[in-house]
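Chains A and B, in that order, give the protein sequences.
Numbered according to our numbering, the first sequence terminates at residue 264, and the numbering increases by one at each position without gaps.
Numbered according to our numbering, the second sequence terminates at residue 268, and the numbering increases by one at each position without gaps.
Calculated from the structure, these hints are not laboratory results.
This structure is a prediction, so every number in the text was calculated from the model and none was measured.
Quick reminder that beta carbons are idealized off the backbone N, C-alpha and C, glycines included.
Incorrect hints may appear among the rest.
To be verified - Just the calculated beta-carbon pair ranges, DEER-fashion:
#: 1; chain 1: B; residue 1: T261; chain 2: A; residue 2: V213; range: 47 to 57 angstroms
#: 2; chain 1: A; residue 1: A133; chain 2: B; residue 2: T233; range: 16 to 26 angstroms
#: 3; chain 1: B; residue 1: L140; chain 2: A; residue 2: A190; range: 43 to 53 angstroms
#: 4; chain 1: B; residue 1: I114; chain 2: A; residue 2: V213; range: 53 to 63 angstroms
#: 5; chain 1: B; residue 1: L158; chain 2: A; residue 2: A179; range: 56 to 66 angstroms
#: 6; chain 1: B; residue 1: L62; chain 2: A; residue 2: V38; range: 25 to 35 angstroms
#: 7; chain 1: B; residue 1: G143; chain 2: A; residue 2: L27; range: 44 to 54 angstroms
#: 8; chain 1: B; residue 1: A36; chain 2: A; residue 2: R101; range: 31 to 41 angstroms
#: 9; chain 1: A; residue 1: G182; chain 2: B; residue 2: L29; range: 39 to 49 angstroms
#: 10; chain 1: B; residue 1: T233; chain 2: A; residue 2: A190; range: 47 to 57 angstroms
Stated by the list, open to error - Taking beta-carbon pairs under 10 angstroms as the criterion, some of the chain B residues facing chain A (in silico):
#: 11; residue: V51
#: 12; residue: Y56
#: 13; residue: V189
So you can see what is in the structure, the chains are spelled out below.
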Amino acid sequence: MTAAAHPRPSAVAQAVAIAGRSVKGVLRQPPQWVPSLVFPLFFNAVSAAAFDRTRALPGFPEVNSFLTFLLPATILQGVLLGATAAGNDAAVDIENGFFDRLVLSPMSRVSLLGGRLVGSMALGVVQVVFFLAVLSVFGARLENPVAGILVLVVVGALLAGAVGAFSVSIALRTGSVEAVNGFFPIFFAALFMSSAFFPPSLSGGWFETVASVNPITWIVDGLREVIIEGWVPGAAAKAVAVSLALGILAIFMATRSLAARIRT
Amino acid sequence: MTAAVEGLGTTHEPSVLASSGAVAWRGVLRTLRFPAIIVQSIFFPAFFLLVYTGLYRAVTELPNFPTDRAANWYLPFMMMQGAAFSGVGAGFATAVDIDNGFFDRLLLVPGRRISILLGTLGFALVRAVTVAFLVMILGLGLGARFTDAPLGLPLLFLGVAAMSLIASCYSLGLIYRVKDQRVAPMFQVGIFVALFVSTAQVPLDLATGWLHDAARFNPVTNILRLGRQAFLTGGVTWTDTWGGLVAVVATTVVAGLWAYTGLRKYVD
Numbered sequence: 001m002t003a004a005a006h007p008r009p010s011a012v013a014q015a016v017a018i019a020g021r022s023v024k025g026v027l028r029q030p031p032q033w034v035p036s037l038v039f040p041l042f043f044n045a046v047s048a049a050a051f052d053r054t055r056a057l058p059g060f061p062e063v064n065s066f067l068t069f070l071l072p073a074t075i076l077q078g079v080l081l082g083a084t085a086a087g088n089d090a091a092v093d094i095e096n097g098f099f100d101r102l103v104l105s106p107m108s109r110v111s112l113l114g115g116r117l118v119g120s121m122a123l124g125v126v127q128v129v130f131f132l133a134v135l136s137v138f139g140a141r142l143e144n145p146v147a148g149i150l151v152l153v154v155v156g157a158l159l160a161g162a163v164g165a166f167s168v169s170i171a172l173r174t175g176s177v178e179a180v181n182g183f184f185p186i187f188f189a190a191l192f193m194s195s196a197f198f199p200p201s202l203s204g205g206w207f208e209t210v211a212s213v214n215p216i217t218w219i220v221d222g223l224r225e226v227i228i229e230g231w232v233p234g235a236a237a238k239a240v241a242v243s244l245a246l247g248i249l250a251i252f253m254a255t256r257s258l259a260a261r262i263r264t
Numbered sequence: 001m002t003a004a005v006e007g008l009g010t011t012h013e014p015s016v017l018a019s020s021g022a023v024a025w026r027g028v029l030r031t032l033r034f035p036a037i038i039v040q041s042i043f044f045p046a047f048f049l050l051v052y053t054g055l056y057r058a059v060t061e062l063p064n065f066p067t068d069r070a071a072n073w074y075l076p077f078m079m080m081q082g083a084a085f086s087g088v089g090a091g092f093a094t095a096v097d098i099d100n101g102f103f104d105r106l107l108l109v110p111g112r113r114i115s116i117l118l119g120t121l122g123f124a125l126v127r128a129v130t131v132a133f134l135v136m137i138l139g140l141g142l143g144a145r146f147t148d149a150p151l152g153l154p155l156l157f158l159g160v161a162a163m164s165l166i167a168s169c170y171s172l173g174l175i176y177r178v179k180d181q182r183v184a185p186m187f188q189v190g191i192f193v194a195l196f197v198s199t200a201q202v203p204l205d206l207a208t209g210w211l212h213d214a215a216r217f218n219p220v221t222n223i224l225r226l227g228r229q230a231f232l233t234g235g236v237t238w239t240d241t242w243g244g245l246v247a248v249v250a251t252t253v254v255a256g257l258w259a260y261t262g263l264r265k266y267v268d
């Protein structure tokens, strides 16, 4: 009788509920999302003004401003900063016991994880749109705006999902907010050791070697080609495929961490 | 009772130096017990030094760049960044003390209250110099070379000490006034903005637009100019020194007043 009165919601509805909770949780805590919007913009503004003259160096890609050159870096920086909120939320839920109550509920395990990732991806899309809007006011240009926005939004969402899944995986393994935040420098290091802030071909030496094997470089290079040259299917596919691959790997890790957490 | 206490002869007020030393020593002990604190202070300047010397190597090829080694340009900045964030660490430590009630107990201890401020600054200074020294060793390993060590090195460490004091006083003044740990992220934000809206990344002549204008009026630019002379072509000159000395004294005094009046407000 009870079951008839309260039919179990579908997995999609459950995931939407968790995603909504995740987004609301982030929105209610400005310290979690304000830095992910302000910090990348500040860094972009400072670096664009500092390094604009380097566009004259031989071998620098032809681009209307350093601001446009930095566009992928700004978006990735924001997404990396913002998406760790999913892991923080999961760790807080584990620390205060709410996660255990969720596990005891008839909720599907897929929704438990998927909901958080959808929440991360939604925030990632908002960030990309925000950055594009602000930076275009200050002179950032997309050669083909429709294609550029589409690719940037898709990659932003996929990367937010990937980073979100990775940080949730750490949260599920450790149950500690501190541990989740402790992993943040890894994302940060990966971004700085890539082509995000300067062309590695000009840097040369060890940096060029490290950047060339860094997946973030493959994403950034793809995005940059789409931004500067317009619709380049190969470049767009490279950025999307690498982001998707990282996402799949991170979701696999998160799924295993969830199974391990439930077993204990 | 008072007479009896006075008669004990053990409750006399300790000197400012002794009580400041005790506060500073507590900070040193805390760091020794949790080496992760010093590792965290070193991580970011060391990491950014490594990245910047590799990433922006080609920047030195721009016309009029004052050195042909990226490490020479970025090392003094990273040393000062490490010093500044060591100063911010003093603010964090005080925020924790205020939150758990230890700071209020410290206020009840006999002795002048300014010792609490001076001791905290002293500890931050020790930490900053340690961090800066270790970052300098790394920088030399990454290819930085002195052009005028005898005069330049003392000026560089003067800049390091000033950045530590300024950052400590800024964060302490803030936490004394707000008395809430949640203000702590503002320590980093304020220092981060002050450091980067300067000649942190490129010389003033190469900066463009708003950054060029803002960096001209930022005292950090002069302090960096002072410290960088040890590594730049031409060595130490009075032209590049006097502005830095003025910036060091003026900014330290203003920041010191900000922290001192904050402490007075807290006590009141």
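Hint check:
Checking the proposed 47 to 57 angstroms range against B:T261 and A:V213 shows it holds: the Cβ atoms sit about 53 angstroms from each other. In this structure the supplied range 16 to 26 angstroms is violated for A:A133 paired with B:T233, their Cβ-Cβ distance being about 44 angstroms. Taken as a hint, the range 43 to 53 angstroms is violated for the pair B:L140 and A:A190, whose Cβ atoms sit roughly 27 angstroms apart. Take B:I114 and A:V213: their Cβ atoms lie about 55 angstroms apart, and the range 53 to 63 angstroms holds.
Between B:L158 and A:A179 the CB atoms are about 39 angstroms apart, so this pair departs from the stated range of 56 to 66 angstroms. The hinted range of 25 to 35 angstroms is satisfied by B:L62 and A:V38, whose Cβ atoms lie roughly 29 angstroms apart. Look at B:G143 against A:L27: about 46 angstroms separates their beta carbons, and that is inside 44 to 54 angstroms. Range check, B:A36 to A:R101: about 33 angstroms between beta-carbon atoms, so the 31 to 41 angstroms window is met.
Between A:G182 and B:L29 the C-beta distance comes to about 24 angstroms, which lies outside the given range of 39 to 49 angstroms. Roughly 35 angstroms separates the CB atoms of B:T233 and A:A190, a value that falls outside the hinted 47 to 57 angstroms. At its closest, the beta carbon of B:V51 sits 5 angstroms from a beta carbon of chain A; the interface hint therefore holds under the 10 angstroms criterion. Because the smallest distance between the Cβ of B:Y56 and any Cβ of chain A comes to about 6 angstroms, under 10 angstroms, the interface hint for this residue holds.
Checking B:V189 against chain A by beta carbon gives a least distance of about 8 angstroms; that is within 10 angstroms, so the hint holds.
Checked against the numbered hints listed earlier, the structure breaks hints 2, 3, 5, 9 and 10; every other hint is satisfied.
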